[in-house]
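> The listed protein sequences correspond, in order, to chains A and B. Under our numbering, the first residue of the first sequence carries the number 1, and numbering increases by one thereafter. Under our numbering, the first residue of the second sequence carries the number 1001, and numbering increases by one thereafter.
The hints are simulated quantities; they were obtained by calculation from the structure and are not laboratory data. Owing to the predicted nature of the structure, the values given are computational and were not obtained by experimental measurement. Even for Gly, the Cβ is constructed at its ideal location relative to N, Cα and C. It cannot be assumed that every hint is accurate.
Stated by the list, open to error - Reference excerpt, derived from the structure (chain A facing chain B, CB under 8 Å, subset only):
1. R60
2. A99
3. L100
Claimed, not checked - The calculated EDC-like cross-link candidates involving lysine to aspartate or glutamate, where the alpha carbons are at most 20 Å apart (straight line), are:
4. A:K67 x A:E3
5. A:K42 x B:D1105
6. A:K42 x B:D1038
7. A:K2 x B:E1059
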Amino acid sequence: QKEVEQDPGPLSVPEGAIVSLNCTYSNSAFQYFMWYRQYSRKGPELLMYTYSSGNKEDGRFTAQVDKSSKYISLFIRDSQPSDSATYLCAMSAGTGRRALTFGSGTRLQVQP
Amino acid sequence: TAGITQAPTSQILAAGRSMTLRCTQDMRHNAMYWYRQDLGLGLRLIHYSNTAGTTGKGEVPDGYSVSRANTDDFPLTLASAVPSQTSVYFCASSPDSNQPQHFGDGTRLSIL
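Extracted from the complex, chain A is given alone in its bound form (with noise of 0.2 Å):
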């Protein structure tokens, strides 16, 4: 079993739609919680980061976090075809941990 896990998709919406996108993990030490944006023959551009439990807001995007479900959440708001990427889930046990875990990515579609 993977230490993340998340739905490769493709996740399909119409524009203007709201987005879940989500991640679920198993090493409880994680505590620090990142989201990567990846378009097509590009790096993963970060989004959003947070640490440890709540949410985080940025513009159309949010994010959630659930450490007693081990559970993390992006939500895009007003869905865009620009949003179209894959989404990466990543996350460390931060404190002198050099190596983030990452979940394989969800292909989203925003159709216009």
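With chain A fixed as given, assemble chain B onto it according to the hints.
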């Protein structure tokens, strides 16, 4: 702002040949990383460096070597390439090992 520059962008290499993938960052980040990205497996850490002059092994280090002679450069060398090293290679950096990582746009490497 250039950020992280990787070269070459793509390469086809005969099995048994050696190759060095280049990575340069202009953000004066202390920590640098090399990942490979394979379909269904996500991003996996090959090697990392927390500061210039130090390196460490990641999850999949076999067949790869790195050096960190200065802050800006972190080359990855394949001494004798094998077909299983066909992948997309990403270099990343972060201000220190506890901060989110920023990625280059990758090198697509095919070993025949």
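> Against this structure, judge whether each hint is valid.
Hint by hint, here is what the structure shows:
no.: 1; hint: R60; result: violated (20 Å)
no.: 2; hint: A99; result: holds (5 Å)
no.: 3; hint: L100; result: holds (6 Å)
no.: 4; hint: A:K67 x A:E3; result: holds (14 Å)
no.: 5; hint: A:K42 x B:D1105; result: holds (5 Å)
no.: 6; hint: A:K42 x B:D1038; result: holds (14 Å)
no.: 7; hint: A:K2 x B:E1059; result: holds (13 Å)
Figure legend: structure checked against the earlier numbered hints; the only hint not met is number 1.
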